[in-house]
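Student: Given chain A's structure and the hints, the job is docking chain B onto it.
2 protein chains.
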Amino acid sequence: MAAYHQHPHPEEHLTSSAVLQDIVIGLSDGLTVPFALAAGLSGAVQSSELVITAGLAEIVAGSIAMGLGGYLSGRTELDHYASELRREYREVDEVPHVEREEVRELLADMGLSPATQEQAVRELTADRDQWVKFMMKYELGLEQPDPKRARNSAATIGLAYALGGLIPLSAYFATATPREGLGWSAVITLLCLLVFGYFRSRLTGQPPFWGALKMAGIGAVAAAAAFGVARLVEGL
Amino acid sequence: MAAYHQHPHPEEHLTSSAVLQDIVIGLSDGLTVPFALAAGLSGAVQSSELVITAGLAEIVAGSIAMGLGGYLSGRTELDHYASELRREYREVDEVPHVEREEVRELLADMGLSPATQEQAVRELTADRDQWVKFMMKYELGLEQPDPKRARNSAATIGLAYALGGLIPLSAYFATATPREGLGWSAVITLLCLLVFGYFRSRLTGQPPFWGALKMAGIGAVAAAAAFGVARLVEGL
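Chains as they are written, first to last, in the numbering used here: chain A, 1 to 236; chain B, 1001 to 1236.
Chain A extracted, bound-state conformation (with noise of 0.2 Å):
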């Protein structure tokens, strides 16, 4: 759900990157969620059936929510890239002065010298498309974004959420009772988010038992506060 905002160090695993931060999305949610909220209604009800009625109809609704909602995004990025493009283009034609001193600016902005502006700034502008690279990438911060990119990255996070959802909810099908399916629950999925939360963090560089107990801390707020307020709206 959350942004995930991961910079790896570029000199590491580049290519693999977007797709395990994809995969990382996907299961953060599928894990938490689902979980959450049959841990609330295993509070409130006292049919399995219904849970898992429930849980199924949540993982349904939100692999598709993230998945096709990647893809928007992913596409919205490449229609971004396109646009701002054609923007830069636009104005190297038409403002070229003003497009120079943009560039002069942010050398400035990088600590050289007036006298090697002036020649960076001449070399830099040289070439157009050289120049328009220049400005996507330095002063708007945009790279060529992978066109296949936003439909991997649909397939991928709906995916993991999906199977990350089924985890938790597994438990409901092998128990009598919601109760019972509530237990064994929180143990598979704590032990799921301990995990996950431990390699997700070494991946990332952060200290990695901290990032288990703090993956497994949201999964057991969330589905605290969702068990309290469905036992709250059943009791009304």
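These are computed hints drawn from the structure, not numbers from a lab. Be a bit skeptical, because a hint or two may be false.
What the hints assert, rightly or not - Simulated pairs of lysine-lysine, DSSO-like, Cα-Cα distance not exceeding 30 Å:
| no. | chain 1 | residue 1 | chain 2 | residue 2 |
| --- | --- | --- | --- | --- |
| 1 | A | LYS148 | A | LYS137 |
| 2 | B | LYS1148 | B | LYS1133 |
| 3 | B | LYS1133 | A | LYS133 |
| 4 | A | LYS137 | B | LYS1133 |
| 5 | B | LYS1137 | A | LYS148 |
| 6 | A | LYS133 | A | LYS148 |
| 7 | B | LYS1137 | A | LYS137 |
| 8 | A | LYS133 | B | LYS1137 |
| 9 | B | LYS1148 | A | LYS137 |
| 10 | B | LYS1137 | B | LYS1148 |
Tutor: Frame of chain A, contents of chain B only:
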């Protein structure tokens, strides 16, 4: 849910964009997932109260998972920046020739001539702080994150999710049966998704009518799928 990678043109509204982005993230999911879950359940149960209980449990679970997830990923971003900063200072001190060569490569990649590269490397690496700042920004693409951002982001995303989720659910409070609730919920929510999608696209400079249809489409597909799955499970 999905991580929306939006890069508004830096010349436009910068301070508000982070908050708006958080509201957009929270609202997109808040409007779609609880809507789809409630729609799914109305295909399977006879009691509006159950739909409301499950819907509220989902809103609580989702807003905590998103809010807390956003908070912790903001904190991770801070930690990551701090640890990369330490690493760059260390590298500049311990292997200055390697780091100087990295600066030169970045400048070569920009399109500077070898002579200008030499001169620019000398100037950029003259001051240690400026050198590290250059590496952080242009080699790693990292900017100093705002320490307050993590907390604010959590609150904004969580609140937007809860607010968004209460809209589709409100229909079930006011109607006698889940089916009746579903009808009104669909009308209200799809209308909200159209309006929300319209403004969200305008915000990022995308075609607004197309954006409106996309948002409503995600909600409709997720709701229809959840409805289908819940019917299927109940029928077993």
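Student: Run every hint past the structure and note whether it holds.
Tutor: Now for the hints, and whether the structure bears them out:
1. Restraint check for LYS148/A and LYS137/A: satisfied, since their Cα atoms lie roughly 21 Å apart, inside the 30 Å limit.
2. Distance restraint check for LYS1148/B and LYS1133/B: the Cα-Cα separation of roughly 21 Å lies within the 30 Å cut-off, and the hinted pair is therefore satisfied.
3. For the suggested pair LYS1133/B and LYS133/A, the alpha carbons sit about 22 Å apart, so the restraint of at most 30 Å is met.
4. In summary, the hint linking LYS137/A to LYS1133/B is supported, as the alpha carbons are separated by about 17 Å, within the 30 Å threshold.
5. Simply put, LYS1137/B and LYS148/A have alpha-carbon atoms about 27 Å apart, close enough for the 30 Å limit, and the pair holds.
6. Distance restraint check for LYS133/A and LYS148/A: the Cα-Cα separation of roughly 21 Å lies within the 30 Å cut-off, and the hinted pair is therefore satisfied.
7. Distance check on the hinted pair: LYS1137/B and LYS137/A sit about 11 Å apart at the alpha-carbon level, within 30 Å; holds.
8. Restraint check for LYS133/A and LYS1137/B: satisfied, since their Cα atoms lie roughly 17 Å apart, inside the 30 Å limit.
9. Taking the CA atoms of LYS1148/B and LYS137/A, the gap is near 27 Å; set against the 30 Å cutoff, the hint holds.
10. In summary, the hint linking LYS1137/B to LYS1148/B is supported, as the alpha carbons are separated by about 21 Å, within the 30 Å threshold.
Of the numbered hints given earlier, the model fails none.
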